[in-house]
Amino acid sequence: MPNNTTDAKDWDHEDSEKLYGVSRWSKGYFSIGSKGDLLATPDHHQPNLTLNIQEIVEEMTETGIKFPAVIRFHDILRSQVEMLNTTFRRVIADAEYTGQYFGVFPIKVNQMREVVEEIVNAGEKFNYGLEAGSKPELMAALAYNTNKDSLTILNGYKDEEYFRLALLGQQIGRNIIIVIEKFNELKTLVQIAKEMGVTPVIGLRSKLMVKGKGKWKNSSGERAKFGLSYVEMLHAVDYLKQEGFASSIQLLHFHIGSQLTDIRSIKDAIQEASMVYMNLVKYGVPLQYIDVGGGLAVDYDGSQSTNNSSCNYSTEEYILDIVYGIKQTCDLNDIPHPNIVSESGRAITAHHSCVVAKVIGEIKPNTTQYDTSVAADEHILITNMREITQELTSENYQEMYNDLVSIKEQTVSAFNLGVLSLKDMAKMETLYWQTLEQINQHLIGEEFVPEQLMKIPSLLSSQYLVNFSVFQSTIDSWAIKQVLPIVPINRLSEKPTKIASLVDITCDSDGKIDHFIEANGSSNTLPLHELKDGEDYHIGIFLTGAYQDVMGDMHNLFGRLNEVHIYSYDDDPKDYYIEEVVKGSAMGDVLSTMQYSSEILANNIKKEIDKRVSKGQIKPRVGVQLTDFYENCLSSYTYLTDDKERRNRWISR
Numbered sequence: 001m002p003n004n005t006t007d008a009k010d011w012d013h014e015d016s017e018k019l020y021g022v023s024r025w026s027k028g029y030f031s032i033g034s035k036g037d038l039l040a041t042p043d044h045h046q047p048n049l050t051l052n053i054q055e056i057v058e059e060m061t062e063t064g065i066k067f068p069a070v071i072r073f074h075d076i077l078r079s080q081v082e083m084l085n086t087t088f089r090r091v092i093a094d095a096e097y098t099g100q101y102f103g104v105f106p107i108k109v110n111q112m113r114e115v116v117e118e119i120v121n122a123g124e125k126f127n128y129g130l131e132a133g134s135k136p137e138l139m140a141a142l143a144y145n146t147n148k149d150s151l152t153i154l155n156g157y158k159d160e161e162y163f164r165l166a167l168l169g170q171q172i173g174r175n176i177i178i179v180i181e182k183f184n185e186l187k188t189l190v191q192i193a194k195e196m197g198v199t200p201v202i203g204l205r206s207k208l209m210v211k212g213k214g215k216w217k218n219s220s221g222e223r224a225k226f227g228l229s230y231v232e233m234l235h236a237v238d239y240l241k242q243e244g245f246a247s248s249i250q251l252l253h254f255h256i257g258s259q260l261t262d263i264r265s266i267k268d269a270i271q272e273a274s275m276v277y278m279n280l281v282k283y284g285v286p287l288q289y290i291d292v293g294g295g296l297a298v299d300y301d302g303s304q305s306t307n308n309s310s311c312n313y314s315t316e317e318y319i320l321d322i323v324y325g326i327k328q329t330c331d332l333n334d335i336p337h338p339n340i341v342s343e344s345g346r347a348i349t350a351h352h353s354c355v356v357a358k359v360i361g362e363i364k365p366n367t368t369q370y371d372t373s374v375a376a377d378e379h380i381l382i383t384n385m386r387e388i389t390q391e392l393t394s395e396n397y398q399e400m401y402n403d404l405v406s407i408k409e410q411t412v413s414a415f416n417l418g419v420l421s422l423k424d425m426a427k428m429e430t431l432y433w434q435t436l437e438q439i440n441q442h443l444i445g446e447e448f449v450p451e452q453l454m455k456i457p458s459l460l461s462s463q464y465l466v467n468f469s470v471f472q473s474t475i476d477s478w479a480i481k482q483v484l485p486i487v488p489i490n491r492l493s494e495k496p497t498k499i500a501s502l503v504d505i506t507c508d509s510d511g512k513i514d515h516f517i518e519a520n521g522s523s524n525t526l527p528l529h530e531l532k533d534g535e536d537y538h539i540g541i542f543l544t545g546a547y548q549d550v551m552g553d554m555h556n557l558f559g560r561l562n563e564v565h566i567y568s569y570d571d572d573p574k575d576y577y578i579e580e581v582v583k584g585s586a587m588g589d590v591l592s593t594m595q596y597s598s599e600i601l602a603n604n605i606k607k608e609i610d611k612r613v614s615k616g617q618i619k620p621r622v623g624v625q626l627t628d629f630y631e632n633c634l635s636s637y638t639y640l641t642d643d644k645e646r647r648n649r650w651i652s653r
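Per full-length UniProt numbering, the very first residue in the sequence shown carries number 1; after that it's consecutive.
Any given hint could be a false lead.
Here are the simulated lysine-lysine pairs, DSSO-like style, with alpha carbons at most 27 angstroms apart [claimed, not checked]:
1. LYS455 - LYS481
2. LYS512 - LYS18
3. LYS125 - LYS207
4. LYS408 - LYS423
5. LYS267 - LYS207
6. LYS187 - LYS241
7. LYS148 - LYS135
8. LYS583 - LYS607
9. LYS9 - LYS481
10. LYS18 - LYS481
Computed beta-carbon distance windows for the label pairs [what the hints assert, rightly or not]:
11. SER314 - ASP10: 30 to 36 angstroms
12. ASP10 - LEU443: 21 to 27 angstroms
13. GLU117 - ASN603: 38 to 44 angstroms
14. SER635 - GLU117: 23 to 29 angstroms
15. ARG90 - GLN328: 40 to 46 angstroms
16. LYS241 - TYR324: 30 to 36 angstroms
17. CYS507 - GLU608: 40 to 46 angstroms
18. LYS607 - THR497: 24 to 30 angstroms
19. ARG90 - ASN48: 19 to 25 angstroms
None of these hints come from the bench; they were simulated from the model.
Model, not experiment: these values are computed from the prediction.
For every residue, glycine included, the Cβ atom is placed at its ideal position computed from N, Cα and C.
Could you put together the complete structure from these sequences and hints?
Here you go:
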């Protein structure tokens, strides 16, 4: 909760910064302006060029772009690509490391064409390539990674068609490296390579002993899903030598998990992998690359810790440990420095995308009260409940709370046994919530709050109803309890006076967000502003560019969001322009994915309306209006529209 010692009139944007911690998680891309609007600074080449996100929201509203919507800052994508590559190059030069850096972006993190195109374009001067883990991703990579000097790394389990596509890529000049995940894949690859007359470039994925740290730590170690054991790796080398493909083995790959929270696990993995590299080179394997996989973490909560939603290192520290760790092993054993490949995806894309959604209502606890005046035949339990309310003071509120909970349990039991009436329960419920409110007032400003009472503010908090679907736009917040930064778009120079959790418009009770960032950790509520009649209140959900953009499901058939692509432009009065608008899912679109035909649906409804028109139950003109309305809904946005817009659409028909 905001600092209660700060008066509302003294609240300013700096207080909101302390509250929402924007500077801690945004890497400098977002900030709060002095007038209380959220700002973006997407281009690291122009640190003084700031975009007002509230102005972007207003322009979207004026041009008819409906919310919820995704805002993509393409300059952030470019900035992240450039900073990763330039940092690797600088560290390599400072270390006098003789290998080069060849990064690749794993398409699985965000398969959106516009995202892949932007990354490839920004990375062209760095020979920054792509990684694919499936046949569809490979087909996209073959078409878009046209830089002959960049790599296309192929991971994942593979069949004959996958291998043929990979070798087709080599035949058209792509720099393809096929990473072997299991030993049996080699036989298929060798057979197809001989048949097609193509010599493949092969990588071997090592199943390191060391395990990663964080949510995905179990994807590494001896029980990892992917990779070759040390025994299998030696068998693979011997097999390829026998088949005449010894020169094909050019890359050693490992991956110890996504979102690696602890730098120590990275150090340990580099040490083990560099020893594997050294031994393979001495075994006669002509390796040219070490692929350190992904795992470069994003500090979602800004705590710089080993929490699952954070990390205790910077990008530069990560790169330093990789370069100097490999260099040390190579120098001690007098072997060449390999080229370094990394597959950082989350760190490249997370910051560039945010979801902006409108709060459309507030669900308050116990908003309706019942008359609690004394009745002649009142049960003693209700009398006792009332006395607690009347006798509560700043000295006895913990004792009174214990009595309150006890009496409530007794009244519920008495009601179930038929002792208390529904009116009695209505009185009890009203008194219970009134007493909790009084206790909560005593808690404000207390340095120490007993553990039992710490849940009271949460019990009394509101639920803000937000026009979006958790399952479509913030799937990780539900599936793995990923903390995503959430901040109001404006009014940040005002003190937020509400504490609330967020609920979406799905019909699922899990459609909610109740874990948030706060200054000293996490909380199940978020400070927000009082809703005002006639004034839109938008919140931004940030760091959604990695996985959230592409992993959302079709729960309730809400489908994809509208999205706008923003570019910084100093010569524009607003310092930005909307380069493209991508329409989200219409109702007919999402229905068709489930095998419904819009034409058949509309025809069935028309038949039902025509029957009632012929029977005189519906007037012909109204029947036409109803038919047109249904048909037009098939092409409208799946998310909620405001009442005024809905009325205007109906009246116009």
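> Checked against the structure, which of the hints given earlier come out wrong?
Replying inline: Checked against the structure, the hints that fail are numbers 3, 8, 9, 15, 17, 18, while the rest are satisfied.
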